[in-house]
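Asker: Chains A and B, in that order, give the protein sequences.
For what it's worth, the working numbering labels the leading residue of the first sequence as 1, then goes sequentially.
For what it's worth, the working numbering labels the leading residue of the second sequence as 1, then goes sequentially.
In short, the hints are calculated from the structure, not lab data.
Cβ atoms here follow ideal geometry from the backbone N, Cα and C, with glycine treated the same way.
Please note that the accuracy of each hint is not assured.
To be verified - Here are the simulated lysine-lysine pairs, DSSO-like style, with alpha carbons at most 30 Å apart:
#1 K369(A) x K399(B)
#2 K399(A) x K339(B)
#3 K203(B) x K399(A)
What the hints assert, rightly or not - To give an idea of the interface, some chain B residues facing chain A are shown, with a C-beta separation under 7 Å as derived from the structure:
#4 A53
#5 Q270
#6 G328
#7 P333
#8 A355
#9 P357
#10 R360
#11 G364
#12 Y395
#13 V398
There are 2 protein chains.
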Amino acid sequence: MAVGLEPLPALKPIAGVRIAVVEAGVRYKNRRDLVLFELAASSVTAAVFTQNAFCAAPVHVARHHLDVAAPRYLLINTGNANAGTGQEGLVHCRHTCNALAKLAGEPEWTVLPFSTGVIGETLPAQRIVDALPQALQGLKDTAWNEAAIGIMTTDTLPKGGSRQFEVAGQMYTLTGIAKGAGMIRPNMATMLSFLATDMAVDKSLLQSILSQATQSSFNRITIDGDTSTNDACVLVATGAIHATPITDASSEEAQALSVQVQSLMLELAQMIVRDGEGATKFITVHVLGGGNTEECCDVAYAVAHSPLVKTAFFASDPNWGRILAAIGRAGVPALDVNKVQVWLNDLRICWLGAADPEYREALGAEVMKASEITVRIDLGRGAFEDRVYTCDFSYDYVKINADYRS
Amino acid sequence: MAVGLEPLPALKPIAGVRIAVVEAGVRYKNRRDLVLFELAASSVTAAVFTQNAFCAAPVHVARHHLDVAAPRYLLINTGNANAGTGQEGLVHCRHTCNALAKLAGEPEWTVLPFSTGVIGETLPAQRIVDALPQALQGLKDTAWNEAAIGIMTTDTLPKGGSRQFEVAGQMYTLTGIAKGAGMIRPNMATMLSFLATDMAVDKSLLQSILSQATQSSFNRITIDGDTSTNDACVLVATGAIHATPITDASSEEAQALSVQVQSLMLELAQMIVRDGEGATKFITVHVLGGGNTEECCDVAYAVAHSPLVKTAFFASDPNWGRILAAIGRAGVPALDVNKVQVWLNDLRICWLGAADPEYREALGAEVMKASEITVRIDLGRGAFEDRVYTCDFSYDYVKINADYRS
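All chains, full assembly: derive it from the sequences and hints.
Answerer: See below:
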């Protein structure tokens, strides 16, 4: 059950990107489980990957290839994460990259591989290889919507969006898709997201725009605190509109792109939370008045990760004691609890370290009925603020995660 | 449903400790909700308290009183935690201490207050005060079992134990009781534990024995990662056996007491986990081969806190991918995943960063059927090890925490 997730809009094509979505039979038959992106030769690609030490084989290979050459192909399979597969997993991953590179007449390093699905099972690499000719023949400009569906595993809805924006009389387009967050779908794991624009951008500037946007989007969502082995987010600038790449971060083009990338990635990240396992509520934890960003995030995550807070939201119970207890254990040095205030939407529930004298349980219960709620926490010690997005913790979360492999 | 929790044994009295358990009607009628400990004048008391910044009024008052004078009374109520109650909470707490001190003819600082129960409601201090004369009249040597029941809130079984040990021909006794762990019972919150011995021990040595034992017991258990506002553990040495306090940490008496306190506190801590909300399995996460204690604990807590690992245990699913992913996100610097090995009891499931080649799912499923399981993780990078104790994550956890206040 997704919270406030709209049907996928018609995604705008990006000049310089062609896409094919085909059946490889990785895990299931009659399922289009292989997505191929072809990028124009002028393309520049930036990427961020999971920080998990047990990262999957394709993450190792993609990181290495990205260091060596400019990518021309993104090869994405569902049904198998090729994670926890050791040295053998690397061999299988390289086999698919090699096969594609040979067919395309390009070096192996121009292929970036991505896998999502079951952890710890051998990747049926040959099935992927066998499907590559059909994929190469099927490349077309208009397959973003198909790709958004093609990268899904147990997401209940496809996730994507487009932006058009004008700079100095020139119109640019940005389109992106994403699938399941973090370890939100444990074995069918992994958040993947792919974005492309037709602007021409220098590689280090593009990487910096992506990294910055990741901080305020995919790095600010949590379902259950677990980080997956396969997370990756890729941003491509095809350079289809103009040949000379933008290098100046303060230029109007760079600023406009940065704003649009942040906006689209935040929307995609929130879509992932809205489609969280068993989610019935979409919760924004907004911490302000912090002494620095780190302590704002520590408090926001302590609240967003607390199973007690999350089950209270599921029960629509304005249980502010659990929120205070989570704030109190977040490790903020020398926190003066008498300066802490907490609101549910616009209703102040805590003041001077205790219940607001005007607060009545009935008022809190009324706010908690909504499917989208902001917990606002003022630490009263500085000018920093930050936001983390999460969902509630329901019977269905346990059901989905306990039943998943049975 | 408690996992492997035995009925409370007959707890041995401690010379120098008298106990009364009476009805004060704090929250419910016909419930013995007030426990009073009287300590002999020769007693020395050590204590550890919650690190939560939003700690309850009685924690503030008890910390202060302990700094000023040697305690003669421990006053414990259930039904109300007097937490999140601001300045008013302090006034109510002091009122109960004052009243007891007057009746007993002792200074206010000799009373240590403890509260457990609903957060954020006004403590009905007068009801406690009204019950004090009856409590003082009812003090007796043999009420430890009644006290173990008296401090319960939503624990399903009382928790306690006794040890007798001989040093240099002298027999000593140690008895302790405990109730619900951390935020395990969110609103009826708080772990409380009270231990006493008839040995005479210097205060700073006693505090050091308690602090050390806390590290390997109450600080190594987790139900849901939430820390309560009222946690406290008290260790009393009444000095009933001999007058001269032991001051030398390397003495035979101090060593013997330290071993016994650690053993009893670990047993009490494990009892709390066994009685965890909705628990169907008792899980030991044993991390060895670490470079230091901190990284062993980081890995053990990452595994023990992971909702995905905990739901897999509930489902008896040997889902080793979730364990690897939790290890990988624990933040161990430069972890070489190829050296990591993981066992379920004696069954090795992971080796060289992937599934053990000899591992078969059916073997894992067999181990997972047991109600007590040890996850053993060898990081392969040093000689340090540590253990954390936890339980699984069931439908009942969500049910208990979502339904609790409705």
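Asker: Regarding the hint that A53(B) lies at the interface with chain A, is the smallest CB-CB distance below 7 Å?
Answerer: 4 Å, holds
Asker: Taken at face value, is the distance from the CA of K339(B) to the CA of K399(A) at most 30 Å?
Answerer: 34 Å, violated
Asker: Does K203(B) pair with K399(A) here, judged by a C-alpha cut-off of 30 Å?
Answerer: 50 Å, violated
Asker: How about Q270(B): closest beta carbon in chain A under 7 Å, or not?
Answerer: 21 Å, violated
Asker: Taking the least C-beta to C-beta distance, is R360(B) closer than 7 Å to chain A?
Answerer: 13 Å, violated
Asker: May I ask you to test the interface hint for V398(B) with respect to chain A, counting a Cβ-Cβ separation under 7 Å as satisfied?
Answerer: 5 Å, holds
Asker: Does Y395(B) hold up as a contact with chain A if the rule is Cβ-Cβ below 7 Å?
Answerer: 5 Å, holds
Asker: Verify the proposed pairing of K369(A) with K399(B), using a straight-line Cα cut of 30 Å.
Answerer: Holds: K369(A) and K399(B) sit about 18 Å apart, inside 30 Å.
Asker: Does the nearest C-beta of chain A fall within a distance shorter than 7 Å of the C-beta of G364(B)?
Answerer: 11 Å, violated
Asker: Using the nearest Cβ pair, does A355(B) come within less than 7 Å of chain A?
Answerer: For A355(B), the interface hint holds, since the closest Cβ of chain A sits about 5 Å away, which is under 7 Å.
Asker: Verify the interface restraint on P357(B): the C-beta must sit less than 7 Å from at least one C-beta of chain A.
Answerer: Constraint on P357(B) not satisfied, violated at 10 Å.
Asker: Should the interface hint for P333(B) be scored as holding, given a Cβ-Cβ cut-off of 7 Å against chain A?
Answerer: 9 Å, violated
Violation of the numbered hints given earlier is confined to hints 2, 3, 5, 7, 9, 10, 11; the remaining hints are satisfied by the structure.
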